[in-house]
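Novice: Now for the letters of each chain:
Number of protein chains: 2
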Amino acid sequence: MARGVRDRMVQSAIALLAKRGYQATSFSEVLAESAAPRGSIYHHFPEGKDQLIAAAIEVSGARAVALLDGLDGLGATEIVDGFMAMWRAVLQLSTFSAGCSVLAVTVSADSPGLLEQAADIFRRWQARLAELLVGSGMPAADAASFATLLIAASEGAVVLARAEQSFAPFDAVHARLRDGVAGHGPNH
Amino acid sequence: MARGVRDRMVQSAIALLAKRGYQATSFSEVLAESAAPRGSIYHHFPEGKDQLIAAAIEVSGARAVALLDGLDGLGATEIVDGFMAMWRAVLQLSTFSAGCSVLAVTVSADSPGLLEQAADIFRRWQARLAELLVGSGMPAADAASFATLLIAASEGAVVLARAEQSFAPFDAVHARLRDGVAGHGPNH
Numbered sequence: 036m037a038r039g040v041r042d043r044m045v046q047s048a049i050a051l052l053a054k055r056g057y058q059a060t061s062f063s064e065v066l067a068e069s070a071a072p073r074g075s076i077y078h079h080f081p082e083g084k085d086q087l088i089a090a091a092i093e094v095s096g097a098r099a100v101a102l103l104d105g106l107d108g109l110g111a112t113e114i115v116d117g118f119m120a121m122w123r124a125v126l127q128l129s130t131f132s133a134g135c136s137v138l139a140v141t142v143s144a145d146s147p148g149l150l151e152q153a154a155d156i157f158r159r160w161q162a163r164l165a166e167l168l169v170g171s172g173m174p175a176a177d178a179a180s181f182a183t184l185l186i187a188a189s190e191g192a193v194v195l196a197r198a199e200q201s202f203a204p205f206d207a208v209h210a211r212l213r214d215g216v217a218g219h220g221p222n223h
Numbered sequence: 036m037a038r039g040v041r042d043r044m045v046q047s048a049i050a051l052l053a054k055r056g057y058q059a060t061s062f063s064e065v066l067a068e069s070a071a072p073r074g075s076i077y078h079h080f081p082e083g084k085d086q087l088i089a090a091a092i093e094v095s096g097a098r099a100v101a102l103l104d105g106l107d108g109l110g111a112t113e114i115v116d117g118f119m120a121m122w123r124a125v126l127q128l129s130t131f132s133a134g135c136s137v138l139a140v141t142v143s144a145d146s147p148g149l150l151e152q153a154a155d156i157f158r159r160w161q162a163r164l165a166e167l168l169v170g171s172g173m174p175a176a177d178a179a180s181f182a183t184l185l186i187a188a189s190e191g192a193v194v195l196a197r198a199e200q201s202f203a204p205f206d207a208v209h210a211r212l213r214d215g216v217a218g219h220g221p222n223h
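These protein sequences, in sequence, are chains A and B. If you count the first sequence from 1, position 178 lands on 213 in the working numbering, and the numbers rise without skipping. If you count the second sequence from 1, position 54 lands on 89 in the working numbering, and the numbers rise without skipping.
In case anyone wonders, no lab produced these hints; they're calculated from the structure. Take these hints with a grain of salt, some might be off.
Copies of the same chain are indistinguishable here, so a pair counts whether it falls within one copy or spans any two.
Unchecked claim - With a Cα cut of at most 20 Å, we get these calculated EDC-like pairs of lysine to aspartate or glutamate: (1) K54 to D145; (2) K84 to D116; (3) K54 to D85; (4) K84 to D42; (5) K54 to D42; (6) K84 to D206; (7) K54 to E64; (8) K54 to D177; (9) K54 to E68; (10) K54 to E199; (11) K84 to E68; (12) K84 to D104; (13) K84 to D214; (14) K54 to E113.
Every value quoted in this text rests on a predicted model; they were computed, and no experiment measured them.
When you get a sec, could you build the whole thing from the sequences and use the hints?
Specialist: Next up, the structure:
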């Protein structure tokens with residue numbers, strides 16, 4: 036049960052970060068969203084708010100890596116599609132009100148520790164994506180820079196879609212990214 | 036003089052948005068940063084904080100359009116370079132502590148009006164970039180989607196660079212975007 040409360044708080048923090056950013060993700064909002072008792076703060080996050088934020092982006096980052104693991108063995112186009120499908124689901128399920136919690140922390144937190152953690156998560160995504168692309172037959176140097184482009188462009192596309200409240204800019208970016216890997220077919 | 040105070044407040048709001056997002060851009064922070072008297076709030080922004088935020092992203096958005104106007108007549112590669120140079124300067128001058136105020140409002144404000152305004156600014160950038168790319172000899176449909184990719188990828192690249200505190204991911208994205216327009220030379 037204690038574990039359940041901590042998980043609910045982390046999930047609420049992820050959702051609040053994805054929707055409104057770091058400052059809006061206060062302990063009081065998290066308690067209200069997760070229906071956790073006030074004592075849970077000191078029990079589960081004795082170091083304070085940034086400990087909760089760190090746990091939230093860690094879970095969020097690991098979830099994306101788990102999704103990427105599921106794309107192993109696919110062709111480059113399918114890898115692009117799979118990564119974009121993850122972001123599309125975030126936009127769709129939230130009716131364009133949520134985006135990336137790691138981006139949110141990067142642009143609104145004021146903590147060197149959280150910034151380093153965000154960088155580390157982006158690096159893990161980039162490394163895993165590059166590895167998958169190499170697996171699809173793409174040369175290593177090409178895969179490394181395309182993985183970085185894929186992360187940057189998808190993050191930006193989510194922001195444009197949230198502003199527009201529409202998939203139009205997101206779909207335009209997705210199509211260009213697909214074009215960028217045309218010719219790299221599945222390796223089996 | 037009164038005009039000077041309003042301008043200083045708008046500049047401070049742009050800087051605060053670019054560094055910490057919507058919630059952190061409070062009237063009290065803006066007054067402290069701009070050394071404006073408290074009465075300036077009610078004098079210049081009688082409708083409240085969102086009126087200041089709207090003025091800030093409008094100025095910021097128009098500044099980018101003015102920069103784009105300066106790229107008129109150039110080739111597609113130079114247009115990419117010019118747009119990326121603007122973001123590079125933001126990162127460099129702030130030592131990786133600032134990014135895009137329009138992105139910040141999109142991901143951390145909770146106001147349909149501000150979201151519409153952010154979308155409108157992104158649309159103006161996209162339209163102007165597409166127009167410039169067509170002027171460089173790119174077919175219209177290609178220019179429209181590449182302009183959207185350029186905005187999304189540069190926004191994401193700025194976020195990755197802030198997280199990494201390094202130009203490495205930004206430069207990787209820039210190189211891929213340049214590759215994406217290879218073959219579209221200057222038209223005069």
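Novice: Each hint: holds or not?
Specialist: Now for the hints, and whether the structure bears them out:
Taking the shortest Cα distances, K54 and D145 sit within 20 Å of each other both inside one copy (18 Å) and across copies (9 Å). Taking identical chains as interchangeable, the C-alpha atoms of K84 and D116 are never at most 20 Å apart, the minima being 35 Å within one chain and 40 Å between chains. Proximity of K54 to D85 under the C-alpha cut-off of 20 Å is found in both arrangements, the shortest distances being 17 Å within a copy and 18 Å between copies. When the C-alpha separation of K84 and D42 is checked against a cutoff of 20 Å, the pair qualifies only within one copy, where the shortest distance is 15 Å, while the shortest distance between copies is 35 Å.
In this assembly of identical chains, K54 and D42 lie within 20 Å of each other by CA distance solely inside one copy; the values are 18 Å within and 30 Å between copies. When the C-alpha separation of K84 and D206 is checked against a cutoff of 20 Å, the pair qualifies neither within a copy, at 36 Å, nor between copies, at 33 Å. For the homomeric pair K54 and E64, the shortest alpha-carbon distance inside one copy (12 Å) is at most 20 Å, but the shortest distance between copies (23 Å) is not. Proximity of K54 to D177 under the C-alpha cut-off of 20 Å is found in neither arrangement, the shortest distances being 33 Å within a copy and 32 Å between copies.
Within a single copy, K54 and E68 get their C-alpha atoms as close as 13 Å, which meets the 20 Å cut-off; across copies the closest is 27 Å, which misses it. Taking the shortest Cα distances, K54 and E199 sit within 20 Å of each other inside one copy (15 Å), while across copies they are farther apart (23 Å). For the identical chains of this complex, K84 and E68 are intra-copy neighbours only, at 15 Å inside a copy versus 26 Å across copies, given an alpha-carbon limit of 20 Å. Taking the shortest Cα distances, K84 and D104 never come within 20 Å of each other, neither inside one copy (30 Å) nor across copies (44 Å).
For the identical chains of this complex, K84 and D214 are neighbours neither inside a copy (42 Å) nor across copies (43 Å), given an alpha-carbon limit of 20 Å. For a Cα distance limit of 20 Å, the shortest separation of K54 from E113 qualifies neither inside one copy, at 28 Å, nor across copies, at 36 Å.
Hints 2, 6, 8, 12, 13, 14, counting from the list given before, are not met by this structure.
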